[in-house]
Amino acid sequence: MHLPWRWLLTMTSVASISQAQASSWNMPVGVTDISRDIFGLHMTIFWVCVVIGVIVFGVMFYSLFRYRHAKGAKAASFHEHTSVEVLWTAIPILILVGMAVPATATLKNMYDASEADLDIMITGQQWRWRYEYLGEDIAFTSNLSTSREQIRGEAERDEHYLLDVDEPLVLPINRKVRFLMTSDDVIHSWWVPALAVKQDTIPGFINENWVQINEPGIYRGQCAELCGVNHGFMPIVVHAMEEAEYETWLEERKAAAEQEAMGIDREWALDELMARGETVYQSICSSCHQSEGQGAPPAFPALAGNDQLIDDQDWHLDRVINGVSGAAMPAFRSTLNPVEIAAVVTFTRNAWGNDTGDAVQPATVAERIAQ
Amino acid sequence: MAPKLPPHNPLQHSSTAVAGGQSHEGHAHHTPPKGLLRWLLTTNHKEIGSLYLIFSLTMFFVGGIFALVVRAELFQPGLQLVEPEFFNQMTTMHGLIMVFAAVMPAFTGLANWMIPLQIGAPDMALPRLNNFSFWLLPVAFALLLSTLLMPGGGPNFGWTFYAPLSTTYAPASTTFFILALHIAGISSILGAINIIATILNMRAPGMRMMDMPLFVWTWLITAFLLIAVMPVLAGVITMMLMDINFGTSFFDAAGGGDPVLFQHLFWFFGHPEVYIMILPAFGIVSAIIPTFARKPLFGYASMVYATAAIALLSFLVWAHHMFIVGLPLTAELFFMYSTMLIAVPTGVKVFNWVTTLFRGSISFEPPMLFALAFVVLFTIGGFSGLMLAIAPADFQYHDTYFVVAHFHYVLVPGAIFAIMAGVYYWLPKWTGHYPNERLAQCHFWCSIIGVNLTFFPMHFAGLAGMPRRIPDYALQFADFNLLSSIGAFFFGASQLLFVLVIVLCVRGGQKAPAKAWEGAVDLEWSVPSPAPLHTFETPPVFHRAQTHE
Amino acid sequence: MGIDRAQRDGVNKTVIRSVAALLGMFAFAFALVPLYDVFCKVTGLNGKVDTTAQAIVHEEVDQTRFVTVQFITRGSAGLPWQMSVATRQMRVHPGQTAEVDFTFTNNSAIESWGRAVPSVSPSSATTHLRKVSCFCFQEQQLQGEERLTIPLVFQLAKDLPEEINTITLVYTLYPVQRTPLQTAYNNHLAGDNT
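Residue numbers (the working numbering), protein chains in the order written: chain A, 1 to 371; chain B, 1 to 549; chain C, 1 to 194.
By construction, these hints were calculated from the structure, which means they are not laboratory data. Just to be clear, a hint being listed does not mean it is correct.
[Unchecked claim] If you want a taste of the chain A side facing chain C, the calculated C-beta under 10 Å gives, among others:
#1 LEU134
#2 GLY135
#3 LEU180
#4 PRO203
#5 ALA331
[As the list claims (entries may be wrong)] Simulated crosslink set (EDC-like; lysine to aspartate or glutamate; CA at most 20 Å straight-line):
#6 LYS108(A) <-> GLU162(C)
#7 LYS254(A) <-> GLU167(A)
#8 LYS74(A) <-> GLU518(B)
#9 LYS131(C) <-> ASP159(C)
#10 LYS71(A) <-> GLU518(B)
#11 LYS176(A) <-> GLU162(C)
#12 LYS176(A) <-> GLU243(A)
Backbone N, C-alpha and C define an ideal beta-carbon position, used for all residues, glycine too.
Let the hints inform the model, and build the full structure from the sequences given.
Structure representation (structure tokens):
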């Protein structure tokens, strides 16, 4: 029963794949079994449409040419023909049933996220992605790393313009990876075409999805649901690597996280905090509060010359750590570590003429978060 | 004053004044006011029809300008002209204006003008309600457009305004957006009631339902769809209003609500809405093709049944807009099957048009050019729609430019071309002159080139991975966007030709007889061209010879 | 105009029916809100779990297999609370009742209210996850600097489908802007007999 359809699908997709490899005009074949199946379905329905189109437009253009009034054509008067009408209703139905069978099989496969080797929690935020390796205590945000200058046309655009991030999602190949997806604010959508994974991230709800990547490589995607001002500026980069390489990366990443955690306990000098804070500010905060702290009121308040910020360090810390409910300001305690928070708060308290002279220590922040 | 003719003669007895002139029959009503007040207070279906059409054409240009702002920014990679914040407002307003202020009012205008003429009625069933329905629209859209000037800007969350982007995270003007949409919705609903009441109760004696022209049938079914789903839109936007202003949590997880509920409710309205925007187009094309092929429409009955089937099925497919939201597998499969199914009656209609052409005697006047282009290009839009219906594949198409290509094909060379075809077709009846053929042909060819240059590359941009609603894009999409932007400006400029043709036609041109087109058969061609202000004051006796069965 | 009495009556009838249909559809839109909820709860679709306590069903425990139940806690903007769970995941037999502690800490000096909103994945597991006692049924109130530990008691239904061997339960903590009287009233409505 499934066999004839699988055969048809395979034949069509083999024919299409061999011609359409890495075409910049077509959907990618991708690097997973599912992406390959989807490509096959896509090409099959495409050719079905082409054939129907050729027949229908063929008859139509033939008629337009052959039966021109200017050439003296006499109009017939028939206006029904039951058997033809039955046929052209029945045949499309059969074609559609034919398409529905393999489509159903592929969909069932896509929905089966059981028996996964690895769980990753993906959280959409305005306007970045957060990845957590459940069970490994590794968590980080992934931000667009294309510079403002490139976007404004002041610098030359590189090959991966708008598709580059500061820290990609690293995954092993040949392992079933389960994604748990949600959002912290509005609906976003996580999409990587080469993996054929796309799923909306809904605030307050969890969706699950899975992928098993067959080939190592770097795969890029973008947010696929309008989520506000920087919807076009929150790309996804997946770096798929061989098992052994992945294990090495995992260890290194955990070690780096521990190093970062140790930095919490020591005393940081003002200039260290400022330097670190500036980096954090430019990659995390400037998309809303702008590079000189001028903001874009009323949605994004100005930080430069902000009296309440200058006078009330407690309030300032609270806004950054806990966010503002119902506004675009997220709770950064779940996105940034205490070092980063302390640094960026120190930076914003001293930059652009704010000049409070305050140096916020990571230990203070950690205590407030009570991790 | 012309003498009273015997009642069985379908030619009109009233004055031969042009539509828009004063009438002097012996009834006891006062002379209508002149100038602006006359247009404000008219209850005449022809004048109201003209008001809708002029309003729609104006809004078409407004919505078009918003699109050109979008395309200008997307001409090249990088942010050159507008900020992302404003870009989002432009894409949103372009969609809202085109759907609610251009396409729908255009079809309503054509309905107002032509339905009474095609069924032999003197006017619509509720003429004063008709006036009110129209005048709600300028109010609604003045309010909507004014949001662009409010602090925080206008709506920036897409014409589909998903929560919570459109509730918790929305600009302050959103409440006014909701009010504007309510007013426009009321206008549509009242118009629909009027149309149903007219069609069901005021047909000429002897005209059975299955004798009605297809434009009347498609509008009847469209009106039922409007009554069914506009209230659901009203419900959704009221819930939004409550979430924003009164602390409820319909769509907010924090309060026990669900953002996905918004999508279910919106698309329950939204999908029938797109059929509301296309069924009257089917009716127009079904009048034009038989006229210029000089052959009766093939399969009248099956066209009626197919339209009804499409309307019914349209209630069962809504979640195909939500395939990637995380629907349960059973639901996903159901909606995939129902969506694929709706291709069948749509295909039947296309086959019927083509078969009408087969062995006809075909000429290529401007209305026919647009109608033929509709058949080809709408079908291409239908093909991409069928591809989108395949749920697994949709995971790669959803929210990309492939979808943008699909709906622009069915709406621009689909609905809009059908409207233009209808305008060219009926201009002789409205004005008494034929539209300038050379200019109309120029408009046609420029539009064909423009529309395909704009929207065909979008298929490839989408397949290559370009998401929707982004103000800047990665370099591999640059060539496609360049072509689309050039096409958009070319297409936009070409529409000025349309305005020129209309203006020239109103003022003068080759005189048109009552039956302006040789192959035209419906009742409107039995009244003089231009149609007098009042027609069919005495109902005509409907000749069975004009039957479609 | 040429509209006669019969036509006028017909028109009136059409108008009345149309308006009735209109109002019906408007009411339908609002009715869809609770209907959607009911539909989701009955079918377990959408991962929406019951927000009222369910009794433990005395059924046999299926010793032949284990199901991994994962717990994930998330905070949100505007609420200075920390939410953590005693164990990230546990292995449970279908039919078995289990308990796990969740701890809530108010890191600020002032009292506030929060609500934990649950979501389950895969959604097909939702009807098979019975919550006997859950903090998510009610809003929680914490004084400044207060810490509270509340258990979640749940039972996995014995008839949990074979294909499901991992269930993930996510709680997102949201702030609630309420007065104490409102909270008490809401909790009373939710079945807490205080």
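Next item on the list: If any of the earlier hints don't hold here, list their numbers in rising order.
Entry: none
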